[in-house]
Every structure is written in structure tokens, then in C-alpha cells.
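Chemist: Residue numbers (the working numbering), protein chains in the order written: chain A, 117 to 450; chain B, 183 to 499; chain C, 4 to 305.
In case anyone wonders, no lab produced these hints; they're calculated from the structure. Quick reminder that beta carbons are idealized off the backbone N, C-alpha and C, glycines included. Since no wrong hints were added, every one of them can be taken at face value.
Residues from chain A that face chain C, not an exhaustive set, calculated with beta carbons under 8 angstroms:
no., residue
1, E188
2, A189
3, I205
4, G206
5, T339
6, Q342
7, N359
8, A362
Mimicking SDA-like on lysine to any residue, the simulated pairs with C-alpha atoms at most 20 angstroms apart in a straight line are:
no., chain 1, residue 1, chain 2, residue 2
9, B, K310, C, V43
10, B, K393, C, V27
11, B, K313, C, M290
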Amino acid sequence: MRNARLIAALSVVVAVLAAACGNSPEATGEDGAATTSADTPAVTSDTAGDGGEALSGSVEIDGSSTVAPLTEAIAEEYSAEQPDVRANIGVSGTGGGFERFCAGETDISNASRPIDEEEVALCEEAGVDFTELRVGTDALTVVVNPANDFATCLTFDELTAIFGAEEPAANWNEVNPEFRDSPLQVFAPDVDSGTYDFMLETLDIEESRQDYSASSDDNQIVTGVQGSEGGWGFFGFAYFQENEEALKAVEIDGGEGCVAPAVETAQDGSYPLTRPLFIYVKNEALSRPEVADFASFYLDNVGEVITDVGYIPEPEEAAEEARSALDQALGSAG
Amino acid sequence: MSTDTTQRRWMGDTGQPVSLQSTRSRTGERIIVGLLWLCGAISILTTVGLILVLFIDASAFFREVSIFRFFTDTRWQPFGGLENGHFGVLPLLMGTLLVTAIAIVVAVPLGISSAIYLADYAPRRVRKVLKPTLEILAGVPTIVLGFFAATFMTPVLRAIFGQTVDIYNAASAGIVMGIMIVPTIASLSEDAMSAVPRGLRESAYGLGATKRHVATRVVFPAALSGIVAAVILGIGRAIGETMIVAIAAGNQPSLTFNPFSQIQTMTAYIVQAVAGEAPRGSLTYQSIFAIGALLFLMTFTLNFIAARVVRRFREVY
Amino acid sequence: MAVSTPQRSAEAAVEALGSSRRRVARERRFAGLLVVSTAVAVAVLAVLLIDILLDGAGRLNWQFLTSYPSRRAEQTGILAGLTGTASLMVLVAAMAFPLGVGAAIYLEEFAPDNRFTRLMEVNISNLAGVPSIVYGLLGAAVFVYILGMGRSLISGAATLTLLILPVIIVAGRESLRAVPRALRDAGLALGATRWQVTRREILPLAMPGIFTGTILALSRAIGETAPILLVGALASTRFSNEPWNLLERFSALPITIYGFVTRPQAEFKEEASAAAIIVLMVVLLIMNSIAIVLRNRAQRSL
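Next up, chain A with everything else stripped away, as it sits in the complex (with noise of 0.2 angstroms):
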């Protein structure tokens, strides 16, 4: 009687352990076995870390939430080569990510936008000196709901009417009186995010509005937009990727016409909104072996991780600058 809770505990237990060892991988539904490893980018000896002395230890690494991704896709492939070395990525946005990284709490800062006069200032003053790396470049996304049938391109006026903090529009009809009587649900990153200090200087407004849903987290606003007929949000193209068949992504005007954002308009420069991204490390840290090793197998892997996060590998020149200017900080790290 009294050992029957623990029986039925213990047979609870058998069961769901027989149904999971019944559960292996080949024999879940259609999308298991067709996506598994066969889409691991490969990642070619040649690049790994020289000598192949096994390295321990831990990189702390914070900042965009854009370039999170990116960061963690590098990772996973990193932890393959070494697995004893730990990175420990967060997610603070651009501008909580420099606060950290000038505060000297971590080796590694993803950003989503170049380091701004203040942050340098206070990395000054810490005595935290870094170097810029460019790893990528964005087709910053701005996307609605699949049921809006009419916002197919908007201009930079539409955006601000929408974004920004005159008269914010509270209605698709108010951003541009052909569009739909549907209210507008704006889903869009916090005030610490890169991508939003992007969106600001693109615009060129100094305020966006401030009803709006923020977020640090990204898919908030992916589940946000998705959910909401009239939504509206704007990300990082990875995250447009992952989410194609729920999202539609919307044509920028620029002033040179109605421009989708793409690898190639990208890559050409014609999407109005595209931008960099960067890593900055802390020129201190280099000098740990985890995290110059680190820092080396991601520029140079960076290249094949990057399309399949769903980024656009930044060009050619950008790439051998990062290579040249790393080199140069380990060099005088030591």
C-alpha cells in the first residue's frame, strides 16, 4: 500500500523511458532525419586551431541579440574542437552588452551597430581596450503579419509614421490612407538593442514612439508579429529566415524604388537597410589562449556559419581587415 506511489513513480518512469529509447531520431515524422547533420556546414581542418593542444576554460560573451545567432552557431561548431573551453553567450542587447563589456565582465561583445562615442569614453575609462572585428552584414527586416495584403513596400515617411514619436499612427490607414482600416500593433526591440539604434539613425529621427511592445528577445517579436493581424516588427534577417511561411517581409523605399531584402541587394548595397556586424574583443582576454583561439576560428569560420544562420557574409575586403587587425592585437597580446 504504501510503496504503491512509489511503484507507480517508478513505472511512470520506465514508461516514458521505453517510449524515448522507442523515439530515436530516424523514427520521428518527415522533418527529423531529412535535417539532422546533413545541412552542418563542414568545417575544413585547415582552419581549425593550430597545434590541437586541448584548451579549457570559458569566454564570456554578451551583447546584440542579432548577432546571438551568429555567435551561437559558432559556438556549437567551436565546442566540437574544443570541447573543454565554455561559451557563455548572452543576450543583453548592443547596448546592455558594451555596459558589461566596458565594466571589464566580459571578453566578448556582439554588436549589431559600430561602439558610440559614450561607450568608448567609458571603455576609456575602465581601461578596457578593444579590438573591432566585422563578421557579417544584415539585411535588417522589417515584416508583417502574412494576412496583410496591403503594406507590400513602405517608404522611410511610412516607417516613421509608424516608429517614430510624432503622432505615432495607431492605424494602418493613418501610416498611409490606402492601406486597410486594420489597427497597428508595433512589436519592436528595446531601447538597449542595436537594431533599434539603427532603425533611429536610418530614419533619422532622435525618438521612436513609446507605446509600443519591446523586447530584448527577438522571437517575441517574430511570435508577436505572426500573432497579430495588424502587426508590424522589425529584426535581423536571420530571424526573418527562420520564420519565412509566418512572416511577410516588406519592400523598403529608400527613394530609389521598392527594394526587397535579400542576400544579393544585400551584398550590392541597393536594401536601404543594410548594416554590419560586429564582435569586439577585449584586447586583455586575447592573451587567454581559449579566447584568442576563440577569436581566430571565428573569422575564420565565420564565412561558411554565416549563410546558413541566415546572415550575408560581409566582403571580401571587410573580412581580410578583421583578419589583419586580430592579428595585430595578438601579435601584441602575446
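Fit chains B and C to the supplied structure of chain A, relying on the hints for placement.
Modeler: Using the frame of chain A, we list chains B and C on its own:
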């Protein structure tokens, strides 16, 4: 004569009974008791720590933002700095209270009915199954309930009410939160009702009352203080709950009575602000603790009132 | 307007008296209402469990249990969260058990009946009602910053310890109180010191009850998300937490679930979350069953 010496032997010179304990182990005993006292003192330290941590940063906040502004401004937009930002807590407070109200509307009828059923109506075998079931419900982690709110409750509400239900809304979170506190209200109310003496029930039956009369007109009023305390404690739990609202209710502070629209509760704001890594000492950082202090005060007051209600109005038989 | 007939008058008279048939109907309706209300709560629990099983059972497999989080839904797993939760459990048990039991023994056996003691007791029952997120704020401010332990495993464990300490103390006191007075008096009368009596006579008898309370408190700690979220738990770490690496960043099962639930893709939000929840619930089920078995054994022997 002999009683005198006997007395002196037991009473000693001081007139007090002689201790039977040997002095040898007294220091060791003292150390042990001291260690045990320290364990108890940790709880005092915790409370002191709580109060200091919350109120030091909260008071720094209120030096910049007046309490008047805090409670009267109708907008909560704390990321714009002191001039451009708005630090009115009303939207957050409204969000918390809206979700709590929905939860209570769900939990009180269900909880009290379950309590009456368990106390006076349920046959023994049903009771043996029902009580553990309620205990299981009480033990479900709130993250699981948050999952349920987002993946089950919201789609169901949208299926019933259509697109007027936002993807993040107060109702999903509120209803699920109500289910969460049903065990709290039910078990405490049931305890209170079971504590009512049988004699009271029997005499009512003797006068010709039906079971329903006894349950509603005799037992319920007699146990009222315990039931009210249970509801107050349930409210306290709802106010302090974080994960269900963080997942399902949204991050858009809005001063609204509409249960289907996005809101932000005080607890969800704390999660959002901490995730955003506000620099220590900034106004945003301090606002986290101001909200935390308000939360602490609210739940503390509710617990205090609940304890008082039980003590004051409990009918002693 | 109805014509008055003898039948109608008779019915009206019976109505006015409140016939026993109507009373029986009202009774039955009331009882039915109670049953339905109770059933609703049970039904929701059933729906919850079925929903979780339907969503998650298909995803639950050995790969899921032994992989680290990945951005690809079919490759993701909960190993980081599992090891994090296991390590937290070990550390919290190691800290909360001695502190909690010590405080319970002090309050029940040694504390003088004065204002300070009563203050301690009131304080503990107040702490039990503080929302868990406020404990998270306390932990973040004190352990992460002031004591400089950073966003580490030990900070998380310490925060959870503070959270469940009042629960263990209350449970401990009740177990101690359940031991008959006569044993204490007998021991003292034989010349033993208070501590000797406590250690040799009382504690062994109270221990099963204390263990029960501790395990239940631990199972509550394991399900908590908000406090460790504020102290820096990460959803996607790609390594295992061991209990001795105190200063490492850490993950935990509830945090892993939170990471899955907040992603928009159904494979994460519904399937992976539900599978991870099944694991969490199984862990809780095992812990609660052990506690109940212990409690039944204790009740038998006392």
C-alpha cells in the same frame, strides 16, 4: 530535622533547585546552542537583507522621481531617462491587478466549492483521490503553467473570441493563474471548514436543516475567517507570480480594463529590466528595486491582514 | 389569465409550502454544482497533463536527453539544464538542510519564550509569503554583486536556499513537535543535557518527517524559474554543470524550458518545451513519491 537537611540538599544555598546537569558539558552545549541560534538568525538576516536591498535602491529612485509622480503618471516608459521617460506605476499596477482579478474570479468559486465538497459532501473514497490531486495541482511548477497559458489557453481564447484576443493577453494568464491558486484556496478553506465542530452541524440537522443549509448557512459562516484568509493569501500569490505572465501576458505596459489586450505586470517588468542589463546606479536599475519594494509591501500587507483576520474573527468554540 | 381551478389552487398552496420534491431538487442541484466545480479543477489538470504528453512524448528520446541546446530544433537537447538542475539540487540540499534543521531545532527545543523568539517565528512565516522573484532580486544584489560571487552556480544555489529555508524550518518544527513530550522529560530527568536529549532521543524520531519536508521543499526549489533567472541562469550553455564548479555560469531545467517556450517555432515552443516539461515533472514525481513513502513509514513507526 531530617526534612531540613533533605531540603537543603535539594535546594542548595541559594534556595533554588540544584541543577542535575553536570558542568562538564556546559561549554560544548553552549557552542552547539550558539550554532543553532545562528541558523535561526539567518532568517532574520534574510529579512534585513531584503529590506536593505530593496529600500536602499528604491529610495535612491524616489529621490529622482517623486512618489506623487510615481503614483499619478499614467505612463510607464522607464527607458528614456529622467526627462523623456515616464515613471508612472499605474500601468504596471493595473496589469498586475487585472490579471489578479481574473484569477480570483476563477479561483474563488472553484476553490470554495471544492472545499465545501471535500469537507462535507465527498465520500471517503473520493476524498482520498481528490486531496492528492489538488496537491499535485499545487505542485505544478509555474513555468509549466506558463507553457499551458501560451500554447493552449491563448489559442482556445482566440478560437472562441477571434482576433480581438491579442497574441499576448491578460485573460490567458489570469485564467491559468486562477487554476494555480485553486488548491491554495481550497485546502485552506477546507481546513477551516473541517475545524468547525460537528456539534454545530448536528444541531442544525436536528432542527431540520438540509445538507445544503448546513453547508451554506452554518459551516460557511463559521469558517468565514479562514476562508477570507485563504482568499487573501491567494491574492498575494497571484500578485507575486512571475512566469505565467512573463510568458503569456506580454511586455506592453497599458492602462486598460480589457482582458484581451497586452499588458505588463510588475513582475514581468522586473524580468524584462534585469534581462536588459541596466547599468547599476542608473534610474532604470533603481526602478527595478522600486517596483520590487512595492511588490514586497503589497504581499507583506496581504499576508499580515490574512493572519490578523484569522486571529481576530476566528470563532472560538 | 389562468382560470382558477381546484388543481391550480392546490399546486399553488404546495408551492408556498416549499414541497419536499423541490427541496430535494435544489439539494441535488447544489450538490451537482459542487461536484462540477471540483471536477473543473481536476479536469484542467487532466487537460494540462494530456496536452503536455501529446505535445512532448514524441520528441522525448535519448538524443534529447543527452544533447546540448542547439538553434536547430531537431538537434537541441536538455543536457545542460539537467546537469544544472542536478548540481543545484545537491548544493541547495547541502546548504538548506543543516541551516533549516538547525533553526528548527533551536526554535523548538532551545529558544526561550521571549519577544526575540516570537520575532523570529513571525519573521519566518512572513518570509514564506515573499514572492520568489523578490528573492531573486535579493540574490542578485547580495550574492552576485555585493559578495562578488557573480552570476554563478553558487549564487543560484544560495538564492534558492534562502527561498526554501522557511519551508524547511516550518516542516522541521512540526516533525519535532510530533515527538511526545514524555521522551524529553524522561531524558532530562535522567540527567542528560538538552542537546543530548535532542540528539539521541528526539532527532532520530523526527528525522523521517524532516527528510520529507526537506525533499518537498527541494522539489519546490527545482521548479522555480524567476529567482535563478534574475541571478544569471542561461538557457543555452553548451556544457554540463558539476556541483563542484561553483563559480561557473549555470543552466537549469526550468530555464531551458523558458528558452524553448519563448521561441516562435512550434518545434521549440510546443514540442521541445513539452518534452522538457515531461522530464521535469518526472523528476518532481520521483521526489514527491520518495517523500510520501518516507512520511508513511514515519507515521507507521511513531
